[in-house]
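Asks: Spelled out from the first residue to the last, the chains are:
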Amino acid sequence: ETGVTQTPRHLVMGMTNKKSLKCEQHLGHNAMYWYKQSAKKPLELMFVYNFKEQTENNSVPSRFSPECPNSSHLFLHLHTLQPEDSALYLCASSQRSRLASSTDTQYFGPGTRLTVL
Amino acid sequence: AQSVTQLGSHVSVSEGALVLLRCNYSSSVPPYLFWYVQYPNQGLQLLLKYTSAATLVKGINGFEAEFKKSETSFHLTKPSAHMSDAAEYFCAVASNTGKLIFGQGTTLQVKP
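One line per chain: the protein sequences are Z and F, in this order. The working numbering puts the first residue of the first sequence at 1, with every later residue one more than the last. The working numbering puts the first residue of the second sequence at 1, with every later residue one more than the last.
One chain only, chain Z, in its complex shape (with noise of 0.2 Å):
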């Protein structure tokens, strides 16, 4: 596997389920980052991990809940969502210092599909 992999690719859930959507990088980054793409509206940052801490919480939602156990993997657990969160699930990774810089370029990967019935 080479860059950034997601799984699921697609994913329809009830709102009183429990999901978990993963991401795994394969390019040696430090950084990680949630982003939300929904119809007609700019890529929303959700959260952004570096060497592993949180570092960046965009107002989420409590029903989501991301994990970083270690550089390469993100998860983003998800548990009684609602309609409206109802989206693409982008992940995607930087390699970024803890001086964070602005140059650095992130690589996506190809997203989940989530649908909430």
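No lab work stands behind these hints, which were simulated from the structure alone. Beta carbons are placed, not taken as given, at the ideal position from N, Cα and C, and that holds for glycine. Mixed in with the good hints, there may be bad ones.
Here are a few chain F residues that face chain Z, going by a calculated C-beta distance under 8 Å [stated by the list, open to error]: (1) G43; (2) L46; (3) T51; (4) F67; (5) S70; (6) P79; (7) S80; (8) L100; (9) L108.
Following the hints, put chain F in place on chain Z, whose structure we already have.
Replies: Same frame as chain Z, now just chain F:
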């Protein structure tokens, strides 16, 4: 605070014609600017980025963009469109903490 505006949510060109996708930015500090492309059912792929070196930046697949400070613009161009260029294109500006702020995106349609 930084922001990005992409003018035109849909652009349609004929194959072989010039592609011009517009992006204007707002930034209180010297900006770092990016163009990403998203093909159907895929994630975003970096086309090119401006990091305060040359103002004309060349990217992949024949695309280039010119940084114009006086116009606060970073428009993306390609001299001759291919059918394979049909995709959604995103302009983004980086905050001073490395956070990317994306525009709404522009869907490029290429007609035969």
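Asks: Confirm or reject each hint.
Replies: Taking the hints in turn, this is what the structure says about them:
Annotation: G43/F was flagged as interfacial toward chain Z, and the flag holds, the nearest CB pair being 4 Å apart, inside 8 Å. Taken as an interface hint, L46/F checks out: its beta carbon lies about 5 Å from the nearest beta carbon of chain Z, inside 8 Å. Here the hint on T51/F is kept, as its CB sits about 5 Å from the closest CB of chain Z, short of 8 Å. Hint status for F67/F relative to chain Z: violated, with the closest Cβ pair at about 14 Å, above 8 Å.
Because the beta carbon of S70/F sits about 21 Å from the nearest beta carbon in chain Z, more than 8 Å, this interface hint is broken. Here the hint on P79/F is broken, as its CB sits about 25 Å from the closest CB of chain Z, past 8 Å. Taken as an interface hint, S80/F does not check out: its beta carbon lies about 26 Å from the nearest beta carbon of chain Z, beyond 8 Å. A distance limit of 8 Å between C-beta atoms decides the matter here; for L100/F the minimum to chain Z is near 6 Å, and the interface restraint holds.
Interface hint at L108/F: violated, since its Cβ lies 16 Å from the closest Cβ of chain Z, which is beyond the 8 Å cut-off.
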